[in-house]
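Colleague: Assembly of the complex is requested from the two constituent chains, each provided in isolation within its own frame, with the hints serving as guidance.
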Amino acid sequence: MRRSPVPTIAAVLAAGWLVTEAMGATLAAALLAAAIPSVVAAVALRRRPLPRRGRLAAFLVVMALVVAVAEVVIFLLPSGSPTIPVIQLALFVLLAPAVPLVYARTFPPDDQGQR
Amino acid sequence: MVWAALLLLVLLLAVWGAREAKDATAFFAASRRAGSVLAGLGGTAAGLSAFVFVGGPGLFATMGVASLWIILSAPLTGALQCWAVGEPLVELTRSHNCLTIPDVVAARFGNGLPRALSATAVIAGGVAMLAVQAKGVGVLGEVLVHVPGWQAATAVLAATALYTAAGGMRAGLLAEAAQGLIMAVAAVAISAAALWQAGGPTAALRTIAHLRPELLDAWGKPGAVSALSLFLLFGLGTCAQPHYLQKFLLLRDRKCLRWMPLVMTVSLAAVLTVWVGLGLGATAMWADGNLHLSSPDQLAPAFLSAAGGTLLALALIAVAAAVMSTAATLMNLVAAAVVRDLPSAVGRVPARSLWPARAATVAVGLFALLLAFHTERTVGLLGVLGWGTFTAALLPSILVGLNWSGATRSGCLAALVIGPLTQLALELAHSGHLMLRWEPGLTGAAIGTLALVGLSVGGKKGCPEIAPTGAGGEDEGLD
Chain A
1 MRRSPVPTIA AVLAAGWLVT EAMGATLAAA LLAAAIPSVV AAVALRRRPL PRRGRLAAFL
61 VVMALVVAVA EVVIFLLPSG SPTIPVIQLA LFVLLAPAVP LVYARTFPPD DQGQR
Chain B
1 MVWAALLLLV LLLAVWGARE AKDATAFFAA SRRAGSVLAG LGGTAAGLSA FVFVGGPGLF
61 ATMGVASLWI ILSAPLTGAL QCWAVGEPLV ELTRSHNCLT IPDVVAARFG NGLPRALSAT
121 AVIAGGVAML AVQAKGVGVL GEVLVHVPGW QAATAVLAAT ALYTAAGGMR AGLLAEAAQG
181 LIMAVAAVAI SAAALWQAGG PTAALRTIAH LRPELLDAWG KPGAVSALSL FLLFGLGTCA
241 QPHYLQKFLL LRDRKCLRWM PLVMTVSLAA VLTVWVGLGL GATAMWADGN LHLSSPDQLA
301 PAFLSAAGGT LLALALIAVA AAVMSTAATL MNLVAAAVVR DLPSAVGRVP ARSLWPARAA
361 TVAVGLFALL LAFHTERTVG LLGVLGWGTF TAALLPSILV GLNWSGATRS GCLAALVIGP
421 LTQLALELAH SGHLMLRWEP GLTGAAIGTL ALVGLSVGGK KGCPEIAPTG AGGEDEGLD
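Chains A and B, in that order, are what the protein sequence lines are. If you number the first sequence the way this note's numbering does, the last residue is 115 and the count never jumps. If you number the second sequence the way this note's numbering does, the last residue is 479 and the count never jumps.
With the rest of the complex left out, here is chain B (with noise of 0.2 Å):
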């Protein structure tokens, strides 16, 4: 019944959609109408996947204490994004008719290779995140509702490409938007049920203290500069993704940056209680003996079937809710890098239909689904790219370079360059054991902020402030 429900609510939403987005500024910035609230709890939505729900309290369960570094930079990251990058980002679009994120780069750096390599970072970043959302999905169906994997993940990225072709992110913003009160709700509802469950926060923790102290751990097993780590990789490294950036190009004027923050940070520590209270609740539970796990892993599915009924119901929603809102932006954002950004970056002037950005939204899913179902390898490989790729490659041109006028064409090209192929490298030495105290997408980005300073710093003075390169804009035309 709930689900038929939300298959016509994805149908109408779709229908809406299609009378909806009727250009490019529609389809890929949401008609640039989105004010605090829908844009901050979009992008609530679009940057918290499943693994909240699921990998969150699993790795507590694992590491203890030690995963909070991973979340603890939450209060700090709206206000971070607003103050170091979502200002220059809105003055930019303004200036600019930006609507991708690419085009930000090309209207910064200039178009051609700067272009290139950002959508290029996108597509990448993009279609690996993708790819384990599907991945996710079928884990989760198998487990919880007990239905083939493949099955799950197919119903679930239909649905979101259904109504993601057809309205872009005019639809997807206000789905995204839904979601995300969604997935708040119902994340401090089952926080609540695990810890009361385990007796309370008190003595939750008074349990895990005396039967499993090594959790309680501050940097856990592998120590304090990486606990550290990813402290910084997780608060810094939201300056860089593409779909919490996008969200900054969707909002009708500066003003509604005001409240933004608040708004995302709210949103992001409701849906962050999970990982918390179910962790922490979930663990005291398995540690007394009254919860039975094959692996830490499957705390919070063990969690959720045992107390079955509404919460899993809920539970099940949330789930469905922060997957799409996650695949719905990285689907659009894939299919500008494809069907824009690209084309634009070789000189080429974009299709003025939608039908082609229809068909990229449609396609994208669909190569995801099969990467996450038939290369069990690559999925591998890629699922350790994305937030790492993204803070590796962009975070030097977009943070540093929005900040600093000096910033030149070629210390950009360097750091979209040499970022992603040092985080690359660390990941690859990571599978073999080697090099394990570098954090790859950190040190990429480290590296990447190197060469961007040098190479502008020792490059040719007089570089211009803003290249005015004509980036992003339909309806004044490319380039």
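With the rest of the complex left out, here is chain A (with noise of 0.2 Å):
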């Protein structure tokens, strides 16, 4: 029987906060804002028999979530520039239906329940 990988990611995302927090370290803190909402989704997504099409629209949404926390670059951007908030609200306009959407296109049938 295959192993589960949650309990591996679990801890590994768990740990890897809590020193991220110790360390007070923005690029881990962003990193890990970005990774832990994906892989909660993408773990989830595993329990789906999804055809190939499904497994796309699956990729999308991971990545989605990715850039939807990809705002962490706005880091980059100097501080008090009003392009933040715009980025910030772009963002959350673009991704408040997309995300949604692709998880009722990727949601199974009645028949294909979950594994």
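Among the hints, a few may not be true.
[What the hints assert, rightly or not] Not the full set, but computed from the structure, chain A residues with beta-carbon under 8 Å of chain B:
| no. | residue |
| --- | --- |
| 1 | Val6 |
| 2 | Ala10 |
| 3 | Thr20 |
| 4 | Thr26 |
| 5 | Ala35 |
| 6 | Ile36 |
| 7 | Pro37 |
| 8 | Val40 |
| 9 | Val43 |
| 10 | Ile84 |
| 11 | Pro85 |
| 12 | Gln88 |
| 13 | Ala90 |
| 14 | Leu95 |
| 15 | Phe107 |
In short, the hints are calculated from the structure, not lab data. By construction, the Cβ of each residue, glycine as well, lies at the ideal position given by its N, Cα and C atoms.
Modeller: Here it is in structure tokens:
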């Protein structure tokens, strides 16, 4: 039987976050803020018997989650730039319908429920 | 006139609810008849309190765009909840007839301590959140309509208790869906008015950039790690909030999950426009000297008082809707924990009659009211519990436990104890200005997750994938 990756992933991400908080490391926090929701979604998607098209949609979902948190690039902008809230809100407006629509697109029919 | 009409609606809802709620499934799980729209709107309404209308804009005036990290996860949370916990919850609910979140924990990890500890977390966090709702209504009542705070809080909680005690979630869910719609419409209208009065979003941003540039710092004074902690706490934390998760137990079938994230996310985004629109517009007016405040917290009340007329009335109705929807779900959850989950945890069969649940609903509302207005310090401490407590206590067992069949009972118990204790210790340290870098709820959840994984991997092998404990379901008898 294949071993579940969930405990390893959960432990690594939890420990990673604690170390990040202890060190106050901005870059690590930014990476984990991007990684944690994406990994949670990706792990949940493993339950689905997805066809090829579904896998592509799932990949897009994960990328959407990454992009959502990729707004951490904001820290590359000069502090106080009025561009910051504009980028944040643009991503918000773009992703608010996109992520749920991809969820609906990858939703398995009744006869292909969860594994 | 408006308030009389609302009172009449509440009375009609209570009468209808009392006739419809005839068994525990109707009272605690709205007869499992909810579709995507009802459950999605209800989830958003229950999840958002008056804080969004008043505290959020005030936070924008204090922290600027750094406060947006709290709401930036909103586009993800609906889908994330359904993927990570909604789908397993619906499966478990079908197979074990679960009516409450402690039922789910018991179905997965066995009856006894797992059910008792998760019920305790629901009671502690739920009462804390209810007390804060009562306090919030009191403050708003004094500022916006100039009535004593305790009177405003009593009126709103009594109205909520009336239909919740009579009809449970059967009446509560219907009210929440309507309240969610009201909140969304009011939020968009208030935001548009605030931005229009500030000369539009571009002009508002220009004003802030010129007069208060520090408010455009992406991370704010606490720094990047704290800002990103908020993003994660409110993004992942939704997977552990009982008032959100409860909506998955009310769905009529698995297919309803398909469009639920869209309903949740669109309604959530609509309500959150008030945080950004009122925050940005009114802060620009304040910076420009067109709005006078004694403190940034007064931003929303000051703007709404100045606007007066229809906008003020709309805001009052929206705030009342926000408080009532959150309070109704919390009263139902805490009442279920008291009359169903705790007795079941010690092997007793819960009463078949709904009267103990009805009495508990009223008692919970009354207790929260007394706590809010008679024990200032306790409320201060309990106020910081709530979202963080639910995250620290339940996130490991729900998120990891429902997605990993190897998670064991001892791992779950460790997470349910260590997570909230860590959170409480850090909250106490924060009140003494110590260890400020550590976000209490998230740190508690991380340590709880490590405990759950460590004890499960290192513990006894061969734990059943889903413990067949007969959790929930009075129709088939309890345990």
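Colleague: Next, verify each hint and record whether it holds.
Modeller: Going through the hints against the structure:
Nearest Cβ of chain B to the Cβ of Val6(A): about 4 Å, under the 8 Å cut. The hint holds. Evaluation of the Ala10(A) hint against chain B yields a held restraint, the C-beta minimum of about 5 Å falling below 8 Å. Residue-level restraint check for Thr20(A) holds (minimum Cβ-Cβ distance to chain B is 7 Å; threshold 8 Å). A hinted interface residue such as Thr26(A) counts as satisfied when its beta carbon comes closer than 8 Å to some beta carbon of chain B; here the least separation is about 4 Å, so the hint holds.
With its C-beta approaching chain B no nearer than about 10 Å, Ala35(A) sits outside the 8 Å limit, and its interface hint is violated. Because the smallest distance between the Cβ of Ile36(A) and any Cβ of chain B comes to about 6 Å, under 8 Å, the interface hint for this residue holds. Annotation: Pro37(A) was flagged as interfacial toward chain B, and the flag holds, the nearest CB pair being 6 Å apart, inside 8 Å. Given hint, Val40(A) at the interface with chain B, holds; its Cβ is 5 Å from that chain's nearest Cβ, closer than 8 Å.
Against a cut-off of 8 Å between C-beta atoms, the interface hint on Val43(A) holds, since the closest Cβ of chain B lies about 6 Å away. Because the closest C-beta pair between Ile84(A) and chain B is about 5 Å apart, less than 8 Å, the hint holds. Checking Pro85(A) against chain B by beta carbon gives a least distance of about 5 Å; that is within 8 Å, so the hint holds. Interface restraint check for Gln88(A): the shortest CB-CB distance to chain B comes to about 6 Å, inside 8 Å, so the restraint holds.
Taking 8 Å as the C-beta contact cut-off toward chain B, the hint placing Ala90(A) at the interface is violated, the least distance being around 12 Å. The criterion of a C-beta within 8 Å of any C-beta in chain B is met by Leu95(A), whose closest approach is roughly 4 Å, and the hint holds. Among the interface hints, the one on Phe107(A) holds; its C-beta lies about 4 Å from the nearest C-beta in chain B, closer than the 8 Å criterion.
Checked against the numbered hints above, the structure breaks hints 5 and 13 and satisfies the rest.
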